[in-house]
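K.L.:
What follows is each chain in one-letter form.
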Amino acid sequence: MADVKYTKEHEWVRVEGDIGTIGITDHAQEQLGDMVFIELPDVGKTVDQGDEIAVIESVKAASEVYAPIGGEVVEVNEALGDEPAKVNSDPMGEGWIFKIKIADSAQLDGLLDEAAYKELAEGDA
Amino acid sequence: MTDAQSCDLKRTPLYSLHLELGGKMVPFAGYEMPVQYEGILAEHLHARDQAVLFDVSHMGQARLTGENPGKALETLVPGAIYDLPDGKMRYTVLLNELGGILDDLMVTQRGDHLFLVVNAACKDDDFPFIAERLKGQADLEILPDRALMALQGPTAAAALARLAPECAHMAFMTARPLAVNGIDCEATRSGYTGEDGYEISVAADRAEDLARALLDQPGVKPAGLGARDSLRLEAGLSLYGSDIDETTTPIEASLGWIVNKRRREEAGFPGADTILGQIAEGPARRIVGIKPDGKAPARAHTEIQDGAGNTIGEITSGGYGPSVGGPVAMGYVKTEFAKPDTPLQLIVRGRALPARVIKLPFTQHRYYRG
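Those protein sequence lines, which keep their order, are chains A and B.
Position 110, counted from 1, in the first sequence is what the working numbering calls 110; the numbers after and before it change by one each time, with no gaps.
Position 205, counted from 1, in the second sequence is what the working numbering calls 205; the numbers after and before it change by one each time, with no gaps.
This is chain B alone, in the form it adopts within the complex:
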């Protein structure tokens, strides 16, 4: 890394804590972020076994207010937002006019406003886009002075409940204010690992106190972006910029469930013709889970062929799944090859490696449904 690059990189409020904890810092989406502490494998397995804490303060947080901010936001996303009950949250996507995905985001109904969390690499595009497109209907207030952390794993609830007992009864995809060790936070029961857990938004100047309080709990260790990526891949969760982008639609990405009955009937979102057409007739390609038969990982951009050697798609995320104990991947294939158990060939360093389509996720989700 050159000095010029590191000078341009931003730091989260937990930067000095990362260094203290031995985090290996790398550039990511314009920030210096920890890719790992003790090691990706150990952190990944700890998240499946106990609990880990991720700093995700690089992500964009904002509030959307107005007479009916949900109704306004529905002009940009295919999800049902305005009728979302208070304290509930939804995963949705910002769409372009062709039905391609500009970003994926979490939207939480907080009564007098909607709380949005968008990807770090997209926030500088998303926020001006939303503000401009919703001008006159809703006001966007960006929250640069808030940190965000994710506590994830089967013992996350027990760990957080020691500091904030009310968190125990929250169901998956719900939100509430929470005083954690006396620190005012906004918590959601959600995450990006397939495990139970929370994402906690807190004022930047209290972030380190909160992180230390959480890391003081028995069984909670810090984890970096490396484990975050391997955990989400095993959980079959798409990564923006790899598995989904402006050239993929939610239907191709197997995210059709985010368009509910009302939105399918009303339409009125960007790219509705394309998306509703793909819902009715099926997309020409579809994202699938891919399990290589052997031990060699197949990384992003690996060509996928059918048995006869015809190109039928490309891997978009691939690597080693520590909980699976072998290589795992996701990628797009022509729809006729998308059925589970379909044999595929992955072209890795010039060799065709046998693989199979597998129903996602690789590791079962363990969300707390209440």
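So here's chain A without its partners, still in its complex pose:
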């Protein structure tokens, strides 16, 4: 079973082998509102944990997405170009944003598990 971890910045990462699939949480999409544009990273780009890597724009405002883990961007969700609203309707499924080849899986240990993230999101609401 794939392991899902969360960040305090409201990203999630689902780890399968050495690939991490990344998006924003349901709580985050709820707070941001209707998505209208997602600026995807370039495939092949290498990022460090915590780097600003994508931008999601709702009707209201632009928000940064930070890399939950370092590594190389290996795939981006091109479908969001025409349908950014997938981030609203299915944030942890079809609304994934990019995939990273994880450089150092030890970085995952510092992330939140579901229970810890839930507590954080509830305190935030």
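Among the hints, a few may not be true.
[To be verified] From chain A, some residues computed to sit far from chain B (all C-beta separations above 12 Å):
| hint | residue |
| --- | --- |
| 1 | Val15 |
| 2 | Gly17 |
| 3 | Lys45 |
| 4 | Ser58 |
| 5 | Gly81 |
| 6 | Asp104 |
| 7 | Ala106 |
| 8 | Leu112 |
| 9 | Glu119 |
| 10 | Ala121 |
[To be verified] Derived PhoX-like pairs (lysine-lysine); straight-line CA-CA distance at most 25 Å:
| hint | chain 1 | residue 1 | chain 2 | residue 2 |
| --- | --- | --- | --- | --- |
| 11 | B | Lys24 | A | Lys60 |
| 12 | A | Lys45 | A | Lys118 |
| 13 | B | Lys88 | B | Lys261 |
| 14 | B | Lys24 | B | Lys339 |
| 15 | B | Lys10 | B | Lys24 |
| 16 | B | Lys359 | B | Lys71 |
| 17 | B | Lys334 | B | Lys359 |
| 18 | A | Lys60 | B | Lys135 |
| 19 | B | Lys359 | B | Lys339 |
| 20 | A | Lys101 | A | Lys45 |
| 21 | A | Lys45 | B | Lys291 |
| 22 | B | Lys291 | B | Lys359 |
| 23 | A | Lys60 | B | Lys88 |
| 24 | B | Lys221 | B | Lys10 |
| 25 | B | Lys295 | B | Lys339 |
| 26 | A | Lys8 | A | Lys45 |
| 27 | A | Lys118 | B | Lys295 |
| 28 | B | Lys359 | B | Lys295 |
| 29 | A | Lys60 | A | Lys8 |
| 30 | B | Lys334 | B | Lys291 |
| 31 | A | Lys60 | B | Lys295 |
| 32 | B | Lys261 | A | Lys60 |
| 33 | A | Lys60 | B | Lys10 |
| 34 | B | Lys71 | B | Lys10 |
| 35 | B | Lys88 | B | Lys71 |
| 36 | B | Lys291 | B | Lys339 |
| 37 | A | Lys8 | B | Lys24 |
[To be verified] Computed spacing ranges between beta-carbons, pair by pair:
| hint | chain 1 | residue 1 | chain 2 | residue 2 | range |
| --- | --- | --- | --- | --- | --- |
| 38 | A | Asp90 | B | Asp145 | 44 to 54 Å |
| 39 | B | Glu303 | A | Val43 | 52 to 62 Å |
| 40 | A | Asp26 | B | Phe28 | 25 to 35 Å |
Just so you know, these hints were derived from the structure itself, not from any lab.
Where a beta carbon is used, it is the ideal one built from N, C-alpha and C, also for glycine.
Fit chain B to the given chain A structure using the hints.
P.N.:
Leaving out everything else, chain B in the frame of chain A:
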């Protein structure tokens, strides 16, 4: 938001109704206001398709009385007011001595008085300023116990006419008293969306009854400040504090039409030299509609460059236009770049995105002219 902030925020008479309707409340101009209910996109599109109701009770309402309150007010605004026929209204601006805009406002001729509606964020400055400057000529009575709501959209007239049939024949920019479901109101056929619709002033203690009666009509949904902003931006209507402020003149803001022939000839308003000079010679910069070629929105304060990379202006309002189906913006550019179709570059997150000047509005106005 900290508790200290929320304690200081004021509430409109519709506050509990907003909560009941699931409004997401945010601080705005010192009030707790709904930014959205079901979502900005849905509310925006509903306003273009059917009708929505906005609470705009945070705006300032006042009455100006005196021997000739219109003549008095003309010393502060460039619009023609004193010869405004009874029941007609006009959009105008309060000016500073340099011709900069202190606020924009609606002025309605109501026979024995003028009815003023000013911006929420400016009302605490506007009202003392007007009262002081017009002392001895006119008296300002602030109306804090009145609510204001805007019913906007192509089915607004049909919805309101079910409760007040007389509203159907009102033309755009006219006013009349209206009994809506037996509630005494003052209605104007006006708005801030580019759509047909009404703004309705009502005693605070009847506001909730009125709002419920309007929301009970088929096709009428509540809408928040988010949709109000995207609707006015597509309609090419300036937002005070973003597109116009003390540093912009009405001529730069493409509001020259508010200064009619008589006022141009007589002058006698603050900043007349600057404004009449800009009318004669053209302003150095001008507000324009801007359509990014791609899908990325360009927000307020985005730098505008020409093709060679020279800075030529700045976006003042920008975002996503739900009816346009893409990004839309307004901003100031040097006048030589103000012609429709002029190519521009918008500097978004360090990248130059291609865009074009477009003739405003993005969505055609659909006012009822009678």
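K.L.:
Are any of the numbered hints broken by this structure? If so, which, sorted upward?
P.N.:
Hint check: 4, 5, 12, 14, 16, 18, 21, 23, 27, 32, 34, 39 fail, others pass.
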